[in-house]
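Taken in order, these protein sequences are the chains called R and W. Residue 67 in this note's numbering sits at position 66 of the first sequence, with consecutive numbering throughout. Residue 62 in this note's numbering sits at position 57 of the second sequence, with consecutive numbering throughout.
Treat the hints with care, as some may be off.
[To be verified] One-sided excerpt, in silico: chain W residues whose CB lies under 10 Å from chain R:
(1) Met14
(2) Val15
(3) Leu24
(4) Gly26
(5) Thr29
(6) Arg31
(7) Leu37
(8) Leu49
(9) Gly64
(10) Ala82
(11) Ile89
(12) Ser102
[To be verified] Think about it this way: if two alpha-carbon atoms lie no more than 20 Å apart in a straight line, the pair counts; the simulated EDC-like pairs of lysine to aspartate or glutamate are:
(13) R/Lys91 x W/Asp99
(14) R/Lys91 x W/Asp100
(15) R/Lys25 x W/Asp99
[Unchecked claim] If you anchor each label on the Cβ, the simulated ranges turn out as follows:
(16) R/Phe9 x W/Leu74: 21 to 31 Å
(17) R/Phe36 x W/Asn88: 25 to 35 Å
(18) W/Asp99 x R/Gly63: 28 to 38 Å
These are calculated hints, taken from the structure and not from any lab test. The structure presented is a predicted model; accordingly, all values stated were derived computationally and were not measured. Yeah, the Cβ is synthetic: ideal placement off N, Cα and C, and Gly gets one too.
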Amino acid sequence: MADFTFWFIVVLTISSALMVVSSKSLVYSAYSLLFTFIGVTGLYVFLWADFLAVVQVVVYVGGILVLIIFGIMLTNKISSANISHTSVQKRAGVFVVIGFIGVLGYVIFNTPWIQLPNTEPVDTTRAIGNLLMIDYLLPFEAASFLLLGALIGATTLSRKDD
Amino acid sequence: MDSLSNYLMVSAILFSLGLFGVVTRRNGVAVLMGVELILNAANLNFLAFARFGGMNMSGHVYALFVIVLAAAEAAVALAIIINIFNNFNTINIDDVSELRQ
Numbered sequence: 002m003a004d005f006t007f008w009f010i011v012v013l014t015i016s017s018a019l020m021v022v023s024s025k026s027l028v029y030s031a032y033s034l035l036f037t038f039i040g041v042t043g044l045y046v047f048l049w050a051d052f053l054a055v056v057q058v059v060v061y062v063g064g065i066l067v068l069i070i071f072g073i074m075l076t077n078k079i080s081s082a083n084i085s086h087t088s089v090q091k092r093a094g095v096f097v098v099i100g101f102i103g104v105l106g107y108v109i110f111n112t113p114w115i116q117l118p119n120t121e122p123v124d125t126t127r128a129i130g131n132l133l134m135i136d137y138l139l140p141f142e143a144a145s146f147l148l149l150g151a152l153i154g155a156t157t158l159s160r161k162d163d
Numbered sequence: 006m007d008s009l010s011n012y013l014m015v016s017a018i019l020f021s022l023g024l025f026g027v028v029t030r031r032n033g034v035a036v037l038m039g040v041e042l043i044l045n046a047a048n049l050n051f052l053a054f055a056r057f058g059g060m061n062m063s064g065h066v067y068a069l070f071v072i073v074l075a076a077a078e079a080a081v082a083l084a085i086i087i088n089i090f091n092n093f094n095t096i097n098i099d100d101v102s103e104l105r106q
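From just these sequences and the hints, can you work out the full model?
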C-alpha cells in the first residue's frame, strides 16, 4: 500500500510539473503548480520530514501560489483573451532537457551511494529548533533580515509614485 | 520505494522540467513558476540526503532556508513583474530589453 502511494505521488508530481511547463494557459499552469507542491509535500512525508511538509503547504500553497495567481490576474486582461502565451525554441529545449535527465539518471543510478542506518524520528521539530538556535543562529538572523528587506523592497517597488 | 536513487531521480526530473520552463517560457510569471520547480527539486535533494544519510537534521534546516529564500524571491519578483507590466504594458520578457522606454 505504501509502495502504491509512493508511486502515485511520484506520477502526480511529475505529470503536473510537466503540465506547469507545457500548458498554453497560464492559469492552468498555476493550478498544476498546486498539485506539484502537494506531491512534493507527500514526498517530504515519505522522507520523514513532517515539519517541512507542513511548512511547504503553508508557505508554498498558502503564500507563493496565491502570489503567483495574483501576478497572473494583475498582468493579464481577461477580456483580451491573452492569458495564453507561447514558448520559444521548444524543440531545442526538449532535446537539452532529455539529455540532461539522461546524464543525471546515469550518474544517480551508477553511483554507489553510501546509506547510513537510521531510525524514524518521533518528531523533527525539536531537532530543527535546536539546530536553528545553536548551530545555525547566524544564518537564521540573516534570513530574518533578508525577509525584512524583501518586505520593504517589494512594497517600495510596487507602490505608485505620487 | 525506500531507496535514495528514486528520490534523486524524481528531483532530477523536477529540476529538468523547471529548467525547461525557465528557458522556453516568454511570460515572466511562467519563468517564475519554473524557478519554483527548481527550488523544490533542490529541497527534495536536501531532504533525501538527510533521510538516507543517518537522519542528519542539518539537511532539514537548509531546506527551511531554501523555502525562506523562495518566499522572498517570489515577492520581489512579482513586484518587479508588475512594475514591468505598468511601464511596458506587457510581461513578455523578450520585449523588455530596454532600461527606459
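When the least beta-carbon distance from W/Leu49 to chain R is tested against 10 Å, hint result: Holds, because the Cβ-Cβ distance from W/Leu49 to chain R comes to roughly 6 Å (cut-off 10 Å).
Range hint compliance [Cβ, R/Phe36 to W/Asn88, 25 to 35 Å]: Taking Cβ atoms as reference, R/Phe36 and W/Asn88 lie about 30 Å apart, which means the hint holds.
Restraint check, 10 Å cut-off on beta carbons, for W/Val15 near chain R: 6 Å, holds
Pairwise hint evaluation, W/Asp99 against R/Lys91, where the allowed Cα distance is 20 Å at most: The hint holds at about 15 Å.
Restraint outcome when W/Gly64 is required to lie within 10 Å of chain R by C-beta distance: Interface hint status for W/Gly64: holds (9 Å vs cutoff 10 Å).
Hint check: 10 Å Cβ-Cβ cutoff, W/Leu24 to chain R: Interface hint status for W/Leu24: holds (6 Å vs cutoff 10 Å).
When the least beta-carbon distance from W/Leu37 to chain R is tested against 10 Å, hint result: Nearest chain R Cβ about 7 Å off; hint holds.
Supplied distance hint 21 to 31 Å, evaluated on CB atoms of R/Phe9 and W/Leu74: 30 Å, holds
Hinted contact W/Arg31 with chain R - closest CB pair below 10 Å: Hint holds; W/Arg31 Cβ to chain R Cβ min 6 Å, cut 10 Å.
Outcome for the supplied range 28 to 38 Å, where the beta carbon pair is W/Asp99 and R/Gly63: 32 Å, holds
W/Gly26 as an interface hint toward chain R, with CB separation required under 10 Å: For W/Gly26, the interface hint holds, since the closest Cβ of chain R sits about 4 Å away, which is under 10 Å.
Pair hint outcome, R/Lys25 versus W/Asp99 [Cα-Cα no greater than 20 Å]: Within the cut-off at roughly 17 Å; holds.
When the structure is compared with the earlier hints, a violation turns up for hint 12 alone.
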